[in-house]
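Chains A and B are the protein sequences, given in the same order.
All residue numbers in the first sequence are consecutive under this note's numbering, ending with 260.
All residue numbers in the second sequence are consecutive under this note's numbering, ending with 467.
If you're looking for bench data, these hints aren't it; they were derived computationally from the structure.
Quick list of in silico lysine to any residue cross-link-like pairs, SDA-like style, CA-CA up to 25 Å:
1. A:K61 x B:D366
2. B:K466 x A:F106
3. B:K466 x B:A398
So the derived label-pair ranges between C-beta atoms look like this:
4. B:A447 x A:T68: 56 to 66 Å
5. A:D83 x B:Y454: 54 to 64 Å
6. B:T363 x A:T70: 24 to 34 Å
7. B:A464 x A:Q119: 23 to 33 Å
Positions of the beta carbon are idealized from the N, C-alpha and C atoms, including for glycine.
If you want the building blocks of each chain, they are given just below.
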Amino acid sequence: MPLWGKGMGQGQDRAIAVEFQAVGLQLGGQTLLSDLNFQILAGECLVLLGRSGSGKTTTMKLINRLLTPTQGTVRVEGKSTLDWALMQLRRHMGYAIQETGLFPHFTIAQNVGIVPRLQGWKPLQVKARVHELLHLVGLDPAQFGDRYPHQLSGGQRQRVGVARALGADPPILLMDEPFGALDPVTRLELQQEFRRLQRDLGKTVIFVTHDIQEAFLLASRIGLMQTGKLVFLGTPAAFAQCPEPEAQQFLQTLTAVPTV
Amino acid sequence: MSDFFLIRYGPEILQRMGEHLLLVGVAIAIAIGVGIPLGVLITRQTALCQPILAIANILQTVPSLAMFGLLIPLVGIGPVPAIIALTLYSFLPIIRNTYTGITGVDAAVRQAGEGMGMTDWQLLVQVEFPLALSVILAGVRVATVIAVGIATIAAAIGAGGLGVFIFRGIAVVNNDLILAGAVPAAAIALLADYGIGWLESRFAVKR
Chain A
1 MPLWGKGMGQ GQDRAIAVEF QAVGLQLGGQ TLLSDLNFQI LAGECLVLLG RSGSGKTTTM
61 KLINRLLTPT QGTVRVEGKS TLDWALMQLR RHMGYAIQET GLFPHFTIAQ NVGIVPRLQG
121 WKPLQVKARV HELLHLVGLD PAQFGDRYPH QLSGGQRQRV GVARALGADP PILLMDEPFG
181 ALDPVTRLEL QQEFRRLQRD LGKTVIFVTH DIQEAFLLAS RIGLMQTGKL VFLGTPAAFA
241 QCPEPEAQQF LQTLTAVPTV
Chain B
261 MSDFFLIRYG PEILQRMGEH LLLVGVAIAI AIGVGIPLGV LITRQTALCQ PILAIANILQ
321 TVPSLAMFGL LIPLVGIGPV PAIIALTLYS FLPIIRNTYT GITGVDAAVR QAGEGMGMTD
381 WQLLVQVEFP LALSVILAGV RVATVIAVGI ATIAAAIGAG GLGVFIFRGI AVVNNDLILA
441 GAVPAAAIAL LADYGIGWLE SRFAVKR
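With the rest of the complex left out, here is chain B (with noise of 0.2 Å):
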């Protein structure tokens, strides 16, 4: 039983575990924190929608080895890089989703909040916002999913995080040590994508 790779890479997992939650909730909160606010606005400059959104989404094809490489000559190598690789990724389900969350606001309710003499800005807080953060968030969820699959390649520019056991199980041909990473890391995206998607259908506004 103590051979069952779960157990006997235990505390090694636990550890990478945690390296790989950290890389992935800072990226996350940095692409909600700039993404956000980027996808809000957005629906306000219209004539910023096509450029930023096209942004986006090339960031979103690059090869994920290759944009790790390419962020070591600008700052290195270590969780930094990780990070902002991460951080990048995340930005086109999250500003995609909070414009078109936004926009797709029913028309009638925004006129109707419009016609009443509400501000712009009390229209957005009291109204676009909380009709559209469901929508929000299964940008924030698909992003998340993304992120921790995409961590795991972070291994390779010494990030750390559970791609640690995969790169290594490669090397030494171990399935064992290729899944002491892989399960762990999946079963990280399935409980976010529960719990996240948990939290959309509580926000989730009938109508």
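The shape of chain A in the complex, shown without the other chains (with noise of 0.2 Å):
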């Protein structure tokens, strides 16, 4: 087996996190995704980007087994997904989604330490953990550990969402805009931040975003997504040549400052 989270690699023998084989779904007579083939290395970070309705969550979701293809196979460390124990897929890979998903009755604390104590883990390591992963996304557990999700700012609920993700060390980690309520600012920080933080890590991180600047900053790789289909897939250098009509539109948005 590879060495999960042993940083990046340079070579391209680098193992393969997931991976897509000719995977298509359709739900209720709708074909929602089609044509997925794509590999995923382990400690890159894989941006999917596009519209609203372009299919990137839809995509996700089959990674951790919330939706399961018609067609093709999806593959976790070369298993396909109908073959791993479902709660194990999904306590393999920290999941955080757009307006975090904290639980309101549970305290900072509890929050993080879900999957570790879903896992089994002692009090005691649970309590361990939760302290180390709070200080790593840079909120003092001493301050902010018996506070509910309400009496904190968005920002620092995200940082809460990134470090209940990375809870029982997962190798992979989902992030579905976990950043997309956030102002600009605060959003450039935590994205600087989370950067840093996959790259000391050495996560295998999907990440889905309909924010080309987030994209560009986080992405080792990005894919594309239009209707259901990947349109493009490479590195953010390649994509900002791509002929494409979509990845020039998205390039478009990309507005310049004005000068004096």
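Hints given; two lone chains; assemble the complex.
Quick look at the structure:
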């Protein structure tokens, strides 16, 4: 087995963390996804970029089997998601979503400790882990541990969301527009911290966004989705040169700063 | 002063209040024990949702005196048919509020729990139920207040309770007797309303 989480390898021999093989999805007579063929390498940050309704969140949900493909196979660490024990599959990957989905009736410490607790860690281990994670995302455990989500600012809640996703040290992180609801300044702050964190921890990240700036900042590769298809997959530099009309549309949203 | 109806009938009022509370308490306990699981069930088996809510709805519309009367051939008279009738009336608010409380839990919260690898049972017990609890309690509160009122009619089938005063008062055209039943019943209803309302606000989750 490859050494998950051992930082960014330079060679092309990095292990494949997630693989889509001829994946399609029909739901209620509608084709949501088709012809998805791509690989996500261990330690990379793949950003799925696309408009609302382009299928990026749906694609992500196939990875932790919130949805199952109607054609093809999604493999996680070489094994089809259908062959994984469902709960093991989900606890194997951190999951953070827009508006964080923090449990409003749990304290911050309880929220961050959910997955370790589900995994049956001992209370002291959970406590130590929560302490470590809150430090990692820049929140003082003594100050924030006992508070409830509604007592935190939006930015602080998102930090908790990231800490929670890292809970049981999963090799893979699924992030569905985790910073979408933040003001632009806080968002940039969290994006930069998240990038540092991802590189330091060497996690494999699949990140969904409709924000091209965010994609450029975080991605080792960008996957552009349009009407349920992957129309481009490559580095941010290649994306900037991509002639694909949808890519051009996104590039046009990068407005220039007015000069005096 | 000793002529004041609440004092004149004092000892009997206490006895009838005891009977009244017993009828309502047992009926609500059964309705909670059956209604909450049913409410949870219809959030999971959505095909059952319409039929179960429809049945609870119909039960609610049967006039109370008719309900008591209809139960007599089945279970006779006394506290048993009264408790059955009160239980049936209590189902709708409890089942419906359990259902709306649980389905009203923020989809993002539910999906986060699912995505993190919570089983359906863990999600229900640790997330959905605590978040729905204040809505469920609101259902219990409505059911209790209604049951306190309807239980006065149970005296007509020999179940005792504060209704005994009321029926006797009507028969002998004595307003003091009617009030000796009505005032304590109203007080119980108000206290239940306030008490359960307080619980509700204690379990309400800020978001």
